Amino acid sequence: MRRGKLLSAATGLAAASLALAVLAPVVMSDVDWPTAARDTIAADGYAATGATNLVSAIYLGYRAFDTLGETIVLLVALAGSVALVASTPGRPDLDRDGGPADSRGPGHTDIINVIAGKLAPIVLLFGTYVMLYGHTSPGGGFQGGVVLASGVIFIAIGRRAGGIGRISPSITAFGPRTLSVIEAIAFATVLALSFPGSGAALAGLIEATGASAGVAAKGVAAVGPIIALNIGIGLKVGSGVALLCVMMLGGDQE
Amino acid sequence: MIRRLLVLALFGTGLAGLVTKRNLIKKAYALAIMNSAIVILFVLEGAAIGSDAPLLGGAGKLFVDPIPQALMLTAIVVGVCVSALALTLAYRLYRHFGTLDIDEIKRRIGHE
Amino acid sequence: MSDSELAMLPVFLPLAGAALSLLAKALHGGAKARALEDSGAFIGLALPWAALAAMLPRVLAGGVSFTVSGWSGAIGIAQRFDGLTWLVDVLGLTGAGAAYLYSRGNGPKGPLFTTVYLIQASALAMTAATADLFNLFVCLEILGLASYVLVASSEKPGAFLAAFSYLAVSSAAMVFFLFGLFGFYRVTGTLSYEGIQAALVALPDGGGAIATMSTACLAAAIAIRVAVMPVYGWLPDAHALAPHAVSAILSGVLIKTPLFALGRLLGYLPSGQEAMALIGSAGVVTALAAVVVALSQKDAKRLLAYHSISQIGYVVAAWGLGAPAAMAAAFLHAFYHALFKGLLFLSVGTITDAAGTRNVYELRGAAGTLGKSGDRFRLVGVAYAVGALSIMALPPLNGFASKNAIGYLFKGGWRYWALFAAGACTVASFLKLSMIFLPARRGAPADAAGVAGSVPGLRIGGTMKASMLILASLCVATGLFADATTAAVSRLLGAPPPAGGAFTAANLLKALQTLALGAAVFGLAMSKPGKRLAAAIRGRPRSFAGLVMAFLGGLAVLAAALARFG
Numbered sequence: 001m002r003r004g005k006l007l008s009a010a011t012g013l014a015a016a017s018l019a020l021a022v023l024a025p026v027v028m029s030d031v032d033w034p035t036a037a038r039d040t041i042a043a044d045g046y047a048a049t050g051a052t053n054l055v056s057a058i059y060l061g062y063r064a065f066d067t068l069g070e071t072i073v074l075l076v077a078l079a080g081s082v083a084l085v086a087s088t089p090g091r092p093d094l095d096r097d098g099g100p101a102d103s104r105g106p107g108h109t110d111i112i113n114v115i116a117g118k119l120a121p122i123v124l125l126f127g128t129y130v131m132l133y134g135h136t137s138p139g140g141g142f143q144g145g146v147v148l149a150s151g152v153i154f155i156a157i158g159r160r161a162g163g164i165g166r167i168s169p170s171i172t173a174f175g176p177r178t179l180s181v182i183e184a185i186a187f188a189t190v191l192a193l194s195f196p197g198s199g200a201a202l203a204g205l206i207e208a209t210g211a212s213a214g215v216a217a218k219g220v221a222a223v224g225p226i227i228a229l230n231i232g233i234g235l236k237v238g239s240g241v242a243l244l245c246v247m248m249l250g251g252d253q254e
Numbered sequence: 255m256i257r258r259l260l261v262l263a264l265f266g267t268g269l270a271g272l273v274t275k276r277n278l279i280k281k282a283y284a285l286a287i288m289n290s291a292i293v294i295l296f297v298l299e300g301a302a303i304g305s306d307a308p309l310l311g312g313a314g315k316l317f318v319d320p321i322p323q324a325l326m327l328t329a330i331v332v333g334v335c336v337s338a339l340a341l342t343l344a345y346r347l348y349r350h351f352g353t354l355d356i357d358e359i360k361r362r363i364g365h366e
Numbered sequence: 367m368s369d370s371e372l373a374m375l376p377v378f379l380p381l382a383g384a385a386l387s388l389l390a391k392a393l394h395g396g397a398k399a400r401a402l403e404d405s406g407a408f409i410g411l412a413l414p415w416a417a418l419a420a421m422l423p424r425v426l427a428g429g430v431s432f433t434v435s436g437w438s439g440a441i442g443i444a445q446r447f448d449g450l451t452w453l454v455d456v457l458g459l460t461g462a463g464a465a466y467l468y469s470r471g472n473g474p475k476g477p478l479f480t481t482v483y484l485i486q487a488s489a490l491a492m493t494a495a496t497a498d499l500f501n502l503f504v505c506l507e508i509l510g511l512a513s514y515v516l517v518a519s520s521e522k523p524g525a526f527l528a529a530f531s532y533l534a535v536s537s538a539a540m541v542f543f544l545f546g547l548f549g550f551y552r553v554t555g556t557l558s559y560e561g562i563q564a565a566l567v568a569l570p571d572g573g574g575a576i577a578t579m580s581t582a583c584l585a586a587a588i589a590i591r592v593a594v595m596p597v598y599g600w601l602p603d604a605h606a607l608a609p610h611a612v613s614a615i616l617s618g619v620l621i622k623t624p625l626f627a628l629g630r631l632l633g634y635l636p637s638g639q640e641a642m643a644l645i646g647s648a649g650v651v652t653a654l655a656a657v658v659v660a661l662s663q664k665d666a667k668r669l670l671a672y673h674s675i676s677q678i679g680y681v682v683a684a685w686g687l688g689a690p691a692a693m694a695a696a697f698l699h700a701f702y703h704a705l706f707k708g709l710l711f712l713s714v715g716t717i718t719d720a721a722g723t724r725n726v727y728e729l730r731g732a733a734g735t736l737g738k739s740g741d742r743f744r745l746v747g748v749a750y751a752v753g754a755l756s757i758m759a760l761p762p763l764n765g766f767a768s769k770n771a772i773g774y775l776f777k778g779g780w781r782y783w784a785l786f787a788a789g790a791c792t793v794a795s796f797l798k799l800s801m802i803f804l805p806a807r808r809g810a811p812a813d814a815a816g817v818a819g820s821v822p823g824l825r826i827g828g829t830m831k832a833s834m835l836i837l838a839s840l841c842v843a844t845g846l847f848a849d850a851t852t853a854a855v856s857r858l859l860g861a862p863p864p865a866g867g868a869f870t871a872a873n874l875l876k877a878l879q880t881l882a883l884g885a886a887v888f889g890l891a892m893s894k895p896g897k898r899l900a901a902a903i904r905g906r907p908r909s910f911a912g913l914v915m916a917f918l919g920g921l922a923v924l925a926a927a928l929a930r931f932g
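Respectively, the protein sequence lines represent chains A, C and S. By my numbering, the letter at position 21 of the first sequence is numbered 21, and the numbering carries on one by one without gaps. Count along the second sequence from 1, add 254, and you get the number used in my numbering. Count along the third sequence from 1, add 366, and you get the number used in my numbering.
Source of the hints: derived by calculation from the structure; they are not laboratory data. As the structure is a prediction and not an experimental result, all values here were calculated from the model. Check before you lean on any hint, since a few could be wrong.
[Claimed, not checked] Keeping only pairs whose Cα atoms sit at most 30 Å apart, straight-line, the calculated DSS-like set for lysine-lysine is: (1) C/Lys275 / A/Lys5; (2) S/Lys831 / S/Lys664; (3) C/Lys360 / S/Lys897; (4) C/Lys360 / S/Lys876; (5) S/Lys777 / S/Lys876; (6) C/Lys275 / S/Lys522.
[Unchecked claim] Per the computed footprint, the stretches of chain C lying under chain A, defined by three or more beta-carbons under 8 Å from a beta-carbon of chain A, are: (7) 263 to 271; (8) 300 to 314; (9) 340 to 353.
Using N, Cα and C, we set each Cβ at its ideal position, and we do this for glycine too.
Between the sequences and the hints, there should be enough to build the whole structure, so can you do that?
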């Protein structure tokens with residue numbers, strides 16, 4: 001036993017020192033951090049994208065293609081996890097109300113059920129705000145989407161068996177089925193908005209619509225594609241994460 | 255200087271954990287720690303050239319570099335996805351073998 | 367449609383297909399869902415061919431460079447669609463299309479599989495065209511996650527562990543990739559390959575130690591995806607335990623696209639040539655070492671998986687030379703390997719499913735078993751034969767042409783003889799695998815043992831046969847018209863047209879020698895001491911820690927060698 005521990009410690013030490021020997025020159029160097037890219041974005045970023053949050057200008061404007069890839073990574077990971085969880089043989093049975101059978105177990109009290117149910121609309125509202133205002137303040141689709149997902153999870157917890165704030169699964173709009181439809185449509189939207197040229201087309205469309213209504217929509221038009229992407233990503237992330245969590249709560253077996 | 259050393263130490267901790275810990279969940283966490291180290295490094299170094307958050311408005315601001323922040327936003331999401339999938343796989347393995355010990359699981363697969 | 371939009375179609379069409387297929391998944395079955403999934407697969411795997419055809423004249427005219435959506439080059443994402451991109455896309459679409467066709471017959475099925483599969487096809491095209499460091503990171507992560515999910519989709523416990531190990535080791539490597547990216551961004555302030563190259567040239571020390579170490583980090587992290595020695599350890603389990611269609615695309619395509627992406631990247635870096643040469647030498651060692659391990663295997667699919675490592679060793683060896691002519695030889699072998707290894711995985715997978723065992727030493731009478739499962743015209747057997755003869759590099763099949771082209775590059779050196787020996791071991795190993803077609807041993811409980819584990823009611827359906835037929839005829843066609851194919855690939859890669867043809871007397875003689883030597887090695891391997899040695903090689907300890915340590919060791923060696931050159 002002792003020898004095994006020593007050996008394992010030696011392996012860990014060897015691994016860390018090999019890695020650090022290679023990484024130290026990269027990390028410890030005193031080369032000045034480059035400023036050219038920052039200066040370019042600070043000067044042109046707003047004119048090019050309409051976003052005052054320069055991080056948004058990069059990841060939804062200049063480098064939106066990376067963000068599409070990121071959305072895809074999330075899609076694959078979540079869909080893969082959902083499938084792996086769902087196909088587990090002998091998952092604990094769930095009761096007929098769509099909540100886990102052990103929902104009356106420790107940690108699952110009426111207080112949690114009620115508060116989760118009541119908090120849900122507020123959390124959903126906050127998530128929507130974070131999602132919609134990503135172009136001008138910290139936040140955006142990914143962050144807002146995760147908050148939205150928390151709201152849906154609160155609803156799912158609130159409607160568990162015996163919960164007082166319970167919403168009947170039959171009338172809720174946040175069942176697994178609806179969530180996966182939202183996910184698919186949101187993904188298609190993000191994809192369409194990411195194709196080269198479609199952002200400019202959308203901006204042109206907003207400007208033309210504004211002009212026909214007699215409104216100068218210049219600033220709105222420029223940032224339109226970013227807001228649209230934020231909404232698409234927010235719904236995609238929100239429905240995807242919520243779907244996984246609802247599945248883990250046993251919601252697929254309603 | 256000290257901050258960079260701390261980042262390296264954090265990374266080394268994660269890597270050593272990945273190699274030595276036999277528990278699948280600890281391995282997944284070790285990966286997350288390694289990922290955090292590089293995220294911290296990017297954001298830390300990118301902040302060396304400025305002092306203000308990269309939000310336009312007001313004059314005379316000296317922004318930090320927004321590019322590392324945008325890149326790390328992506329890296330964080332990717333890291334979370336990897337963790338999620340790793341934990342799901344660990345869950346499935348646990349459900350089948352009743353253990354999270356990678357050597358034990360390997361031994362049993364060899365026998366099947 | 368502008369050039370740059372057209373060049374993005376091989377990426378976006380499969381994604382559009384994936385979106386349709388995702389919608390089909392949300393609909394939970396029904397005729398509408400099936401129609402959506404089918405049209406998604408068609409859009410994702412068939413329509414990109416039209417885009418590639420439209421790109422061909424532009425590629426022949428020198429290719430196009432652009433940034434996605436026309437953003438400024440300093441911050442936007444650079445792309446390069448040239449002959450190499452075009453060829454790698456062709457490789458990916460061929461492998462992906464044939465394997466998907468097979469999956470429609472023998473699984474995995476369902477809209478989720480189709481979605482992930484199409485996303486993987488899209489990421490292959492993305493990886494082939496990218497000229498931006500961070501975009502490459504994203505591409506590799508998509509490829510990785512899709513592979514983990516696809517490997518795990520076989521629902522075998524061993525596959526879960528294989529997927530976990532693959533995930534853990536390659537995610538750890540991707541953190542090193544980010545460190546490398548950090549190093550280059552720190553000294554150059556840009557992420558596009560061209561920008562990095564220009565900035566490094568302008569620096570007095572060319573980037574110094576940071577650039578060297580960063581190059582090592584990037585190259586090692588990508589090498590793990592290629593499964594070259596010493597970072598190959600994750601591959602055998604993952605490829606052996608995945609569903610057959612997935613094995614076919616993982617072995618056929620997924621280990622090659624990152625290699626050519628790495629070649630593109632290293633072409634822009636100051637110590638890139640040295641890194642390629644070093645990895646190329648590792649490739650020669652890989653080709654020989656992996657085939658010896660393959661020869662010792664008893665699991666049919668694991669044997670094939672080790673051959674994938676060995677064959678990628680050939681590709682990497684040629685790739686390491688870096689010259690356009692060598693790159694053409696590397697691509698040819700990569701492409702041909704995608705065809706014949708895809709064929710082998712599909713045919714052997716079908717046979718083992720029908721017989722219910724994967725043990726090469728036990729499985730006999732494969733032809734009869736196949737006949738019972740609905741293969742009346744011996745198509746699977748013929749497909750296997752074409753694949754096996756191709757990988758054994760026998761004329762007139764395609765492996766003969768590409769292995770000779772690679773051998774020609776190394777004429778006279780130690781590499782030539784190492785690859786020759788690897789070729790002989792390949793012959794031996796496939797002679798061994800072909801024993802599954804021997805008639806069943808008398809007295810052996812063949813039927814009792816066989817039927818017990820076989821896939822109940824495996825019917826070898828039309829799509830399965832069609833996919834094998836396509837791959838087999840491509841193997842034969844590229845073999846018969848080897849010289850024309852070589853000339854076309856050389857032209858696309860800007861290499862001078864090759865001097866001699868494939869079917870020279872010297873090459874034919876070499877094939878005979880390889881065959882004779884291979885038969886001798888086969889005899890040795892099937893002898894008592896040979897079998898004992900094989901069991902020892904099979905049973906060597908393999909641990910997860912070893913996987914990570916091998917990566918770190920490889921990284922350190924690469925870094926040290928590059929530092930010495932620099």
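To see whether the hints hold, each was checked on the structure:
Restraint check for lysine 275 of chain C and lysine 5 of chain A: satisfied, since their Cα atoms lie roughly 11 Å apart, inside the 30 Å limit. Proximity of lysine 831 of chain S to lysine 664 of chain S is assessed by CA-CA distance (about 26 Å); at most 30 Å being required, the pair is judged to hold. Note on lysine 360 of chain C and lysine 897 of chain S: the hinted pairing holds, with a Cα-Cα distance of about 24 Å set against a maximum of 30 Å. Straight-line distance between C-alpha atoms of lysine 360 of chain C and lysine 876 of chain S comes to about 43 Å, which puts the hinted pair past the 30 Å bound.
A C-alpha spacing of about 13 Å is found between lysine 777 of chain S and lysine 876 of chain S, which places the hinted pair at or below 30 Å, so the restraint holds. Note on lysine 275 of chain C and lysine 522 of chain S: the hinted pairing holds, with a Cα-Cα distance of about 24 Å set against a maximum of 30 Å. Counting residues of the segment 263 to 271 of chain C whose beta carbon lies closer than 8 Å to any beta carbon of chain A gives 6, which meets the minimum of three for the stated coverage. Proximity of the segment 300 to 314 of chain C to chain A, defined as three or more residues with a beta carbon under 8 Å from a beta carbon of that chain, is established by the 9 residues found.
Chain A is given as covering the segment 340 to 353 of chain C, and this holds because 5 residues of the stretch bring a CB closer than 8 Å to a CB of that chain, at least three being needed.
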